[in-house]
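Novice: Construct the entire structure; sequences and hints are all you get.
Top to bottom, those sequences are chains A and B. Going by this note's numbering, the residue at position 127 of the first sequence is 127; the numbering climbs one at a time, nothing skipped. Going by this note's numbering, the residue at position 334 of the second sequence is 334; the numbering climbs one at a time, nothing skipped.
Hints in this document: simulated from the structure, not taken from any laboratory. Remember, it's a predicted structure, so these values are computed and weren't measured experimentally. The reader is advised that the hints may include incorrect statements.
Identical copies go unnamed one by one, so any copy, or any two together, can satisfy a pair.
[As the list claims (entries may be wrong)] Below are the DSSO-like pairs computed for lysine-lysine, each with C-alpha atoms no more than 30 Å apart in a straight line: (1) 232 x 44; (2) 107 x 333; (3) 7 x 103; (4) 284 x 232; (5) 333 x 7.
Protein chains: 2
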Amino acid sequence: MHEPPVKPIEWCGDEVKIIDQRRLPGEEHILSLRTTGEFEEAIKTLAVRGAPLIGIAAAMGVAVASRRLVSSTWAEFETSLRESIQVLHGTRPTASNLFWALKRMEKILEDTTHDESPEACSRALVKEALGIYEEDLEMGIKIGKAGAGLIRDGFSILTHCNAGGLATSGFGTALAPVYWAFNKGVQLKVYADETRPLLQGARLTAWELARAGIDVTVICDSAAHIMLSRAKIDLVLVGADRITLSGDFANKIGTRGVAMSAHAAGVPFYVAAPSSTIDFDLEKGAQIPIEERDALEVTHVGGVRITPPGVAAYNPAFDVTPAEYVSGFITEKGLINPPYLENLASIRSDDPQMH
Amino acid sequence: MHEPPVKPIEWCGDEVKIIDQRRLPGEEHILSLRTTGEFEEAIKTLAVRGAPLIGIAAAMGVAVASRRLVSSTWAEFETSLRESIQVLHGTRPTASNLFWALKRMEKILEDTTHDESPEACSRALVKEALGIYEEDLEMGIKIGKAGAGLIRDGFSILTHCNAGGLATSGFGTALAPVYWAFNKGVQLKVYADETRPLLQGARLTAWELARAGIDVTVICDSAAHIMLSRAKIDLVLVGADRITLSGDFANKIGTRGVAMSAHAAGVPFYVAAPSSTIDFDLEKGAQIPIEERDALEVTHVGGVRITPPGVAAYNPAFDVTPAEYVSGFITEKGLINPPYLENLASIRSDDPQMH
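Specialist: Written as structure tokens, this is what we have:
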């Protein structure tokens with residue numbers, strides 16, 4: 001499996017093409033992004049979403065911006081790019097890959113300042129953005145291999161939100177082991193939590209798995225508990241938006257409840273994520289800021305109002321799952337088991353880039 | 001508070017008028033039910049729903065059917081009514097109030113067999129159905145009083161699904177203490193889980209609370225976990241469709257997850273229900289049959305398809321919450337605390353009708 005099941009983002013030189021995920025599954029619409037404002041809009045409104053893909057898109061956004069500025073003075077080039085980085089930094093508050101990717105781009109800018117050559121710096125920025133993209137493809141393959149062994153013939157796997165190809169460069173995180181096992185002929189079935197409010201499970205996970213020929217069934221988020229308690233699920237695989245050193249992690253609202261139910265039912269619960277998702281500056285989940293999104297995402301589904309007019313809605317986008325409910329993390333560096341404070345920290349010392 | 005906040009069902013002699021709950025909150029449409037087929041359809045499609053109200057509607061359905069048959073022979077009368085009871089018995093499998101109410105109607109039929117007078121039996125059936133209705137109103141008041149003491153000034157209360165006036169004769173079960181406390185001037189705020197797939201929280205709980213002037217905010221079902229874990233909720237109140245002697249109980253999918261999260265966060269979790277919800281024949285929650293409803297309820301919201309065409313959906317309607325997560329039951333006979341096997345059973349010995 002060296003071709004990803006889906007290509008949610010593509011570098012095209014002066015523009016970046018994305019699958020507009022707001023329109024799935026009804027329509028596979030390709031959107032071209034050129035300006036920083038277009039990237040900002042696409043990330044904020046979830047045309048591109050998923051922690052790893054947000055990082056890739058932001059890096060490509062900086063790279064595309066740099067291409068337009070190659071004829072500028074160095075001062076203009078640097079000021080403008082720093083503005084772009086700042087704008088993209090402010091698009092989503094929870095996913096750590098966004099900040100990690102932008103920090104890498106910023107470092108390139110700083111490392112090339114002494115040359116004062118927009119042309120050379122832009123080449124380096126493009127190379128870095130494509131590098132982040134390529135590394136993510138490679139990570140998807142590694143996560144797939146590392147996690148596939150958890151899936152045995154006949155397994156029913158529950159997943160929440162979309163941590164699939166569409167959330168990454170193409171192989172996914174939580175779904176990478178599923179694709180890997182499936183391609184090796186393992187019989188499996190996936191239950192996808194629909195994932196209110198934006199229905200990433202019903203729309204995106206169902207779409208990409210069905211497209212790959214994998215047996216997928218959508219359930220309401222609340223149905224996960226009866227399914228786990230009545231032995232209909234063998235394994236839970238989810239992604240993560242931010243992992244702290246203690247192993248507490250942030251992911252789409254509802255993940256915490258699924259993890260507690262899996263734990264109570266004795267069903268293994270694994271979190272698949274590239275190591276760029278680990279926030280080495282945070283020890284505990286309570287420190288993770290939680291994005292609050294527009295109440296309209298709750299009050300309306302597909303343009304149809306579901307609540308009485310005038311009634312308020314509250315829309316936190318993420319929750320934090322305590323490490324005690326996590327059976328292990330699946331990363332591109334292999335499976336990470338408890339104790340997390342020790343074992344997650346050891347990843348950092350492996351990798352000078354992480355410091 | 002002797003007038004209920006809402007009147008979801010009304011006995012009108014040869015017909016029963018209900019608020020069509022499928023059309024709320026968009027439209028307050030009154031539906032007339034006359035034939036057993038109309039009652040069957042209304043219960044199956046959730047035009048009337050909520051365990052206590054299903055019981056009342058079924059009893060009234062038998063009573064209305066009997067009125068049409070007063071000029072029949074006794075044999076015709078009895079056969080036809082037994083058919084009606086059987087049809088209504090098959091409408092919903094989980095709520096125990098339905099079977100309890102129909103058993104009471106069947107007992108009237110049996111007790112009056114010796115007279116072979118359709119007229120006299122019908123009068124007794126009407127009286128019994130209205131009795132069930134009146135008892136439920138009384139129960140709502142008693143549950144309200146029994147539970148109101150749990151609510152202190154400034155409390156934020158989380159509820160799941162609709163166990164409000166619309167689920168009963170008018171005062172509700174889980175919401176009865178809320179109405180009672182509110183009417184006594186207690187400052188409170190309710191968070192209503194939207195309750196996928198049929199959105200009884202977003203549509204019905206929000207509608208009836210807002211109508212009564214109570215501060216209500218709708219959240220996605222999955223948001224309950226972050227809210228409970230970050231101390232935004234002081235008390236959880238839910239209803240029940242069936243309570244077993246051990247204290248395990250069935251309620252709308254998602255209740256189990258909310259209960260686990262509340263337990264982990266140290267937030268009191270109370271179940272409000274009339275004692276007719278207790279199934280004295282079942283000891284454990286694992287024995288409760290779980291209704292599986294049409295996948296279309298998951299794949300479509302407000303007529304709009306949310307999943308890719310051809311992708312399957314699975315739709316269990318209830319889950320079972322273990323007694324260990326229940327702080328107590330609020331019934332018309334007062335608060336019931338652990339140990340439940342002892343304390344729930346003692347209700348039965350109080351009441352000869354329950355045997």
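Novice: Each hint: holds or not?
Specialist: Hints and how they fare:
1. 232 x 44: Between. Shortest inter-copy distance 26 Å satisfies the 30 Å Cα cut-off; intra-copy 36 Å does not.
2. 107 x 333: within (24 Å within a copy, 69 Å between copies)
3. 7 x 103: Only inside one copy: residue 7 and residue 103 sit 25 Å apart there, 60 Å across copies, limit 30 Å.
4. 284 x 232: Classified as between: cross-chain Cα gap 19 Å, same-chain 32 Å, threshold 30 Å.
5. 333 x 7: within (23 Å within a copy, 61 Å between copies)
Hint violations for this structure: none, all hints satisfied.
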